[in-house]
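Trainee: Sequence:
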Amino acid sequence: MHDVAIIGLGPTGVTLATLLAQQGLRVLAIDREAGIYPLPRAVHFDGECMRVFQSIGVADALKSQVRPSPGMKFIDSDGRLLIDWSRDLEVGPMGWYASYRCHQPWLEQTLRQKLAEHAGADIRVKHEMLDCTVASDGVDLRIKDLSTGKALQEKARYVVGCDGARSIMRGLTGARMDDLQQHEQWIVVDIVLNHERPDLGDYSIQYCDPSRPGTYVRGVGMRRRWELMLVPGDDPAIITQPESIWKLLSRWVSPQEATLERPALYTFRAVVARGWRKGRLLLAGDAAHLTPPFMGQGMCAGIRDASNLAWKLAAVIRGEAGEDLLNTYESEREPHVREFVSTAVRLGHIIQTTDPDVVRRRDKEFAQPELFSTPQPSLGPGAHVGGALGGRMIPQAVRADGSRTDDDTGYAYSLFVSPVALGAAKALIKNRLPIVAVTETSLTNWMEASGIVAALVRPDRYVAGVAATDRELEQLLQTRGADSPICA
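To convert, note that position 356 of the sequence shown is 987 in the working numbering; the numbers rise steadily by one, no gaps.
FYI, nobody ran anything at the bench for these hints, they're computed from the structure. Note that CB positions come from ideal geometry on N, CA and C, so glycine has one too. Among the hints, erroneous ones may be present.
Lysine-lysine pairs mimicking BS3-like chemistry, simulated, CA-CA at most 25 Å apart [to be verified]:
| no. | residue 1 | residue 2 |
| --- | --- | --- |
| 1 | K878 | K704 |
| 2 | K775 | K909 |
| 3 | K909 | K878 |
Derived CB-CB ranges, DEER-like [said to hold, decoys possible]:
| no. | residue 1 | residue 2 | range |
| --- | --- | --- | --- |
| 4 | S1034 | P886 | 28 to 36 Å |
| 5 | Q872 | R797 | 19 to 27 Å |
| 6 | R828 | T1110 | 27 to 35 Å |
| 7 | D986 | T1100 | 32 to 40 Å |
| 8 | A747 | N958 | 30 to 38 Å |
| 9 | S962 | R828 | 42 to 50 Å |
| 10 | S695 | E827 | 17 to 25 Å |
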């Protein structure tokens, strides 16, 4: 029997499968497609995602594939700046840049290669899950080999649906979808330039133009993307034709300068599921939530789901925690992802406004450009304590030799302690938990500013609890469990 079956091998599914396999679990990873979709889809991930990729050992390989992003600007129809969402082009608190541009096929290829290195991963492409039945000791899956048409039976302790917006697993869990009322149709156009066009710029641009709202994204290499909202009078069958597309792009680029790689119509949606878990069945990624692309957080949210869920599944399967720990997956992640989706909807209203009166009010509101910063929500209630620090990520320090503090522990629980508490920590832990002695300036400053001497950190790098004294440290380890500090 497999420990976990993963349905869908997009970025969320393959990341989750790899995190599980590297913890020694037996993973069945199923995808109905024969290979990776070869054309652009997601084009952005953030520093937290790169930190997860670091945990599975692919961050260094990705560095040559990605490009740090300077951020995004929102402008009106006259080119006047409304919102400035710039990102530092320096390594930040995650130990990586704040924002990266990527090419999803390259990313997925790198992730799948890493998954294939694990002996415990049973990868089945061109296989489709037809249905599943929950039993007392696991889940019976009925699978179809699409190459042969043969029906197969498999069994797993848990099944996670990472099968996207049209998720089969969502129907099996009975999850309800909260609709945040975002249903605009857009055409997304990816091109490959024939030569450099530095005048197009590195910033993403949101064109808050009521005649046709749009977005420009500088991709990696020579790739560029435009997203343009359909307006009254547009015929979807015509607007996707090359002649129509080049007409739409004519203010920026001509067909003599680039190759059309992919046009696609999308209805941007904002929905969040209620009920991410039903017993042994769980949802992650787009199966659990969908967001408009205005923050570039769709794929990021799924990667966060994977990092949150993987250690919890492993702890339950190994008998280190009760099944109630799995309930903290939704209770922690749902409020976090909802804040990002709600913010994307708010930005979408600013971008997509076409009513002249609303446009005038908007432009008056932003007469002085707003400096926007990325939301930093904490997790919802769950497997963490510690007041304001509990449920937030510990910073990652980068040393002079290029090593990073996450590498000291791997994807595991750890205790970060200041030098003054190191002796007490060693006496309490007795080698049962990795201890990181904090000497790096950024982490020292974080601990001093927070008034703490120790932080218990989960495998997903979120703080499980903190201590300001040796006595509080003892209490923290007693309540969280020094041998298996994972119980909610």
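Trainee: Hints numbered earlier in the text: which of these fail when held up against the supplied structure?
Mentor: 3, 4, 6 and 7
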